[in-house]
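Student: Residue numbers (the working numbering), protein chains in the order written: chain A, 1 to 138; chain B, 1 to 168.
None of these hints come from the bench; they were simulated from the model.
Heads up, the beta-carbon is just placed ideally off N, CA and C, and yes, glycines get one too.
Incorrect hints may appear among the rest.
What the hints assert, rightly or not - With a Cα cut of at most 30 angstroms, we get these calculated DSSO-like pairs of lysine-lysine:
1) B/K44 to A/K86
2) A/K79 to B/K50
3) A/K65 to B/K44
4) A/K100 to B/K75
5) B/K128 to A/K58
6) B/K108 to B/K70
7) A/K100 to B/K44
8) B/K116 to A/K58
9) B/K108 to A/K132
10) A/K58 to B/K75
11) A/K100 to B/K108
Claimed, not checked - For the chain A half of the interface with chain B, some residues (derived, Cβ under 8 angstroms), not all of them:
12) P29
13) M36
14) K58
15) N66
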Amino acid sequence: MYKYCLLAMLLLTFLLLVTPVSRAQEGFPDEIASVMRDLEYLHSRGLDLEPVIEALNKAIEAYYKNDVAEAREYLERAKHLVEELKPVAETVHLVNLLTKICTVIALASIPLVVYFALPRLYLYLWFTSRKKWIVIRR
Amino acid sequence: MILDDEVFAVILAVTIVSSVVGIAMVLRQEAEQWTALGLLGECKIGKYPKTAVNGSLQDLCIYVANYMGKPVYYKVIYRVGDQEALPTNTTPSPSEPLAFWIGVLGNKDNATVPVKVPITVRGPLPRKVALIFELWLYDTGTHEWIYSGRWVHVYVNVTLIPIEGTTQ
Numbered sequence: 001m002y003k004y005c006l007l008a009m010l011l012l013t014f015l016l017l018v019t020p021v022s023r024a025q026e027g028f029p030d031e032i033a034s035v036m037r038d039l040e041y042l043h044s045r046g047l048d049l050e051p052v053i054e055a056l057n058k059a060i061e062a063y064y065k066n067d068v069a070e071a072r073e074y075l076e077r078a079k080h081l082v083e084e085l086k087p088v089a090e091t092v093h094l095v096n097l098l099t100k101i102c103t104v105i106a107l108a109s110i111p112l113v114v115y116f117a118l119p120r121l122y123l124y125l126w127f128t129s130r131k132k133w134i135v136i137r138r
Numbered sequence: 001m002i003l004d005d006e007v008f009a010v011i012l013a014v015t016i017v018s019s020v021v022g023i024a025m026v027l028r029q030e031a032e033q034w035t036a037l038g039l040l041g042e043c044k045i046g047k048y049p050k051t052a053v054n055g056s057l058q059d060l061c062i063y064v065a066n067y068m069g070k071p072v073y074y075k076v077i078y079r080v081g082d083q084e085a086l087p088t089n090t091t092p093s094p095s096e097p098l099a100f101w102i103g104v105l106g107n108k109d110n111a112t113v114p115v116k117v118p119i120t121v122r123g124p125l126p127r128k129v130a131l132i133f134e135l136w137l138y139d140t141g142t143h144e145w146i147y148s149g150r151w152v153h154v155y156v157n158v159t160l161i162p163i164e165g166t167t168q
């Protein structure tokens, strides 16, 4: 009788220890999903998301190895990186936008610059290359 | 004019065309959005298993590529079925999912994931079945997994005991 009681207690302890871990693992894919909306937003702002994606994939890898602690650690790291990137997202987007606008303006101005500057430059070079010439009347 | 008019016109035309091409390249939007799913035997094209023992684990590699213009959270669902249970480009397979693998991919990124596929077949054996893999993407708008329409399969002859001289 004592043996059965001990076995039942051991079984109960095991179940109590195992159940929260299993439940934590069940919701893990949903927790990854919760980061995705932020990832899409940060990508639309032109930020480099490689460290975040790497952390998420390492979390998934640990999840498949049933290493809940490591999976959670990587997930928290990914969430932390996302929170770090969020405040600079709009600034990066603005800088990217300004860079794009400046590039387009620079490219659009090339034909105008060529139209106005090329004949003058050509004339300048033509004259400077011949300035030592001596003109002799025939 | 010292600079010949015709030469100047040609130079100007080349400059204008180059400028327009440059602007188009800077302003161009992402092309068609697409994803890819591939199945590799031993992480190389080919070398697919021909037979497998029921209840065993089969080593395969899954290749996923993302060109959706954004990072994606993907899930590859594995099922076993016969010819009638194959998915289409719009509907997934009706067979019961046996396993899934998840991952996150950045835009223009791809991953090759080695997986151990459980061979679980009910009914009479030996039998030729399809190992079906479907690509599902997480929709952050609806918070649901959406079938991408991408799927791959490989036919294997499932036996009760290993058959000598065949690839497993």
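Student: Would you mind marking each hint as holding or not holding in the structure?
Tutor: These are the hints, each one checked on the structure:
no. : hint             : verdict
1   : B/K44 to A/K86   : violated, 39 angstroms
2   : A/K79 to B/K50   : violated, 43 angstroms
3   : A/K65 to B/K44   : holds, 24 angstroms
4   : A/K100 to B/K75  : violated, 35 angstroms
5   : B/K128 to A/K58  : violated, 36 angstroms
6   : B/K108 to B/K70  : holds, 8 angstroms
7   : A/K100 to B/K44  : violated, 41 angstroms
8   : B/K116 to A/K58  : holds, 18 angstroms
9   : B/K108 to A/K132 : violated, 60 angstroms
10  : A/K58 to B/K75   : holds, 16 angstroms
11  : A/K100 to B/K108 : holds, 21 angstroms
12  : P29              : holds, 6 angstroms
13  : M36              : holds, 5 angstroms
14  : K58              : violated, 10 angstroms
15  : N66              : violated, 14 angstroms
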